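S.K.: With chain G's structure known, arrange chain R on it following the hints.
Chains as they are written, first to last, in the numbering used here: chain G, 3 to 490; chain R, 252 to 782.
Capping the alpha-carbon separation at 27 Å, the derived lysine-lysine pairs in BS3-like fashion look like this:
#1 G/K282 with R/K481
#2 G/K91 with G/K22
#3 G/K72 with R/K420
#4 G/K91 with R/K357
#5 R/K420 with G/K102
#6 R/K286 with R/K273
#7 G/K91 with R/K273
For the record, the hints were derived by calculation from the structure and aren't laboratory data. These figures come from a predicted structure and were not determined experimentally.
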Amino acid sequence: MIGLETLRDCVRNGIDFVKKQKDVIDAEIFASWNEHITVRLNYTSDIPCNGVHEPKSTQFSGIGLFVVFKAGKEIKVGFGSVPNNVTTKGVVEAFQKARKNKVYDPDFKSIPVPMEKPVLENYHDPAVMDISDEAIVDLGWRGLKGALIEYNQKHFDKSIIVGGDITVIKQRMAIASTKGIDDFDESTVLTTNITSMIENERVKGTGWNTSTHLASFDTEEAGRASAESAIKTIGGERISSGTYNVVFGRQPVTDLFTNIVIPALSLSSVNSSDTPFMGKLGKKIASELLTVYDDGTIKGAVGSKKISCEGIPTGRTDIIHNGFLVGFLANNYLSRKLQNVFVSFPPRNGFRYHNGGRNHNIQPRICPTNVVIEGKDEVPSHSLLSKINDGIYIGRIWYTYPINGLAAGDFTSTIIADSYLVKGGKIDKPLKPNTVRINNNIADILNNIIAVSKDKKQTIVWGGEEVVLAPEIAVQGVKLDSISGFIS
Amino acid sequence: MRYTALCIILLLRRIPIASRIKVELIDTLKETVTKVVQHAGSLKNCKYADIRLGIHETKYANAEDGKAKGMGEDASISFGIRVLAGEMSAWGYYGQSIGEGETNPKSIHKVLTLGIKKAYARAVANANKKAEFKSLAPSLTAVSLARIDICNDIINAVYDEDPRNVSLKDILTICTKISGDMRSICKDVQYAHINVHTGINRELFCSTEGSCIDQSYTLTQGMVSVVAQKPGGIPEVCYDYVGDLRGWEVLKGKNVYKQSFGDFALLRTRETLELTEAEFLPATTEPVVVVTNPHFNALLAHEIVGHPTEADRVLKLETAYAGRSWLFRDFQDNELGKQIASPLLTAYSDPSIHGYGHFKYDMEGTPGKRVNLIENGILRGFMNGREYAAILGHPPNGSMRATKPHYVPIVRMTNTIFANGNKNPEEIIAEVKEGYYIVNHRIPSISESRENFRISAQKVFRIENGKITKLYRQGGITADSKDFLMNIDAVGNDFEVFPIPNCGKGQPMQVMRVGNGGPTLRSMARLTGHQ
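So that you can see chain G by itself, here it is in the shape it has in the complex:
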């Protein structure tokens, strides 16, 4: 483990060194240390198994140095990185690489300049930083225990599957630049996603929990919730293909925003002309009930950070307001490159997330923090069902992709768990998992929203980096196809 003071000394000494180089105009030095711990669960009642399959971790640290060089009448930029050497010697080596790697990029304008003051301070959990191997293993077994006890109490002991993971992320970083940025960040993230099944009943349930602090992290409850949800959906029925009114639960809302909506609302998609929202700034792109913003300052939310990986304090970036497109997520590079095309967007989302950490060897790309979805005239969750009256409650979807490319807006996904038929504004019967495919265009989904719930929960999906403070959302006119007829 590398301490914050070591990282801060490294970047500050590094800036002193870089300033002395004759051909340097500007430079930014980033140093980080990260540990990513995963405890993977695998319990199968009818197949020999490990319960907790493996407690594992990866650890990485290093320096990333971005330098603006004088090269005759041009300026050139170069990036160099060095792993596991957070010293001035490491800075010197990274500098030499940056000099060797320099290129003329006419789109480069400037490295980031200081802006605003950070909101969050000292928001990590020291207990997570010091967590023992035994405690890590115990978190996994507690998650499994929650599911198994729920199944035992409800007299299910055959054909049980419990899978998922407990993930612990520790991140420390420091950054300094010739423009005056000199800051640091330290964060801890705890997440668990547990999926359990009674396989011969073909039912699956999901439970999850997130926290920044160990004391409020409850893996056992996530396990219990997954089993409870699976049991509730026994006896599911198929539906025929057609257009339905739907309530999307928190996981599907998160899945749609993580895989379709938020990538399309990033300046990187604008830069590559690969978004259905090209040319729509200031225009209505969704129901007036929908407001979406990114906010990295929410205390206790696991996507929160004090500063971005460019040293910019996190903050609120409005994206959709009452259905109108009002902004895009930005990093420094693209915010400046595209500022003549658009108004300039605050570059609060430049992060170097990779392999579960703030990685020294990549340059900042645009990543969300906490995506907050709000509604005008929000309603209690139970009222959403009466808004659709007859239709489907979708609790979990899977493998959501922009099937014809992001710009086309078409997406597809299958419903795999936690879902029900709704009749007369009430939950009627469970929906049989893996028998329905959603085929729609995201523009239709956003425009056909008829209600947004007041209650929200931090939700993450597999492979996603952001956290969505997700409500449940009622949408009319969703196309659903019956599939997998050969599965009994």
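M.R.: What follows is chain R alone, placed relative to chain G:
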């Protein structure tokens, strides 16, 4: 402490520009790695341990619309340790990257020993909990590994042009020139991006059983990304790859497309432009005759044959993530030995043939073997690792890989493909009175147990009276997997293996290169289009 100017000048003089981490370093570390793993074997109740130590040297560049965006040359070293320990043996794992200053044998000994200590502590804690939970969860079992031959071997990298001898300037020039040429074809090209990397990897595997395997391979890949749009129209997006486990010659034409990377990128750009003028494919509610080309079938084989025949999915380990397999519900109720496809169809996974999934030994030290997955339509087997082979009672076939040495190996496809047939592809099309020709894969979305798929194509053509006629855009096909496989009535003789560089699986997600492919196929599926 702040460094003085003199100190910094001295440092500048002492550090060479190029990194000192080279793949040759492995030669000096073999003995140390062997010693540390032997020490692990002597720990109380340690049943098994292995260490993978790898070095990766790479050069890369990228450019957008003819403008340089970056280039670099990096080398990294990292290791991963697996320990199986405890009374009721369980896994513990630890992985880490290593800095240049830690690459001497003494330092390596120290970091590996610390790694063993962490992995062992986790394994013992895990085993103790497993024993404690046994009464609540009777299927909890001590891990056992299927027996393999103990191997000591050295596998050298294959290349004509050593990636290490390619200059960064040359790599960048290719990127700027090709992306500039793409952009200048027509004003409707909105975005042209080229990314190239070439490098060499060497990984050492040592286990407490006595295996010591030293494998190297080169990898060269070019990625093209293009967006084209008519004024007021919907953008057409295409990305595709040229790549192989070889040297720089891959980009000069020694690849599956048998064309230079520049020609490939321009072809994809022209095709994308052509699509902006095409009509959207109308979706159908009923299945129609479809002929799928080898490039499309690469992704089809990947999604509906490769993934559901991975033993970890079969044994439910991916239930929460990548999904299960409809081919195996339990030991009594499964599709092994049953007809799941047309008798014309055979599919296999083979690391011994050329492609992105080529290797001699997997990352458990098991010799990689051809696995016959489907033989004449009958399901025959699964890709596995030692633990899963033991549970299934199958022979281990060496299908465990990790993206980097510091990650845990999981079951991955190798070169997973539909076998070649004997029919001329032109003949397959000529026999179709009314149908569609599905050309080149794009994006997949597959059901949780792989029982249904929707895959989009780069291009779709109408077939009328045996002739290819109209071009459509934004199309694809959807079907239940078994229906599609059973309805195959023609298998071409134009088999190819394509690089699939980005298969995501595991937690944390590992993005792996695999080889997939096959010949032209003809079957039935519903058409999908723009919503």
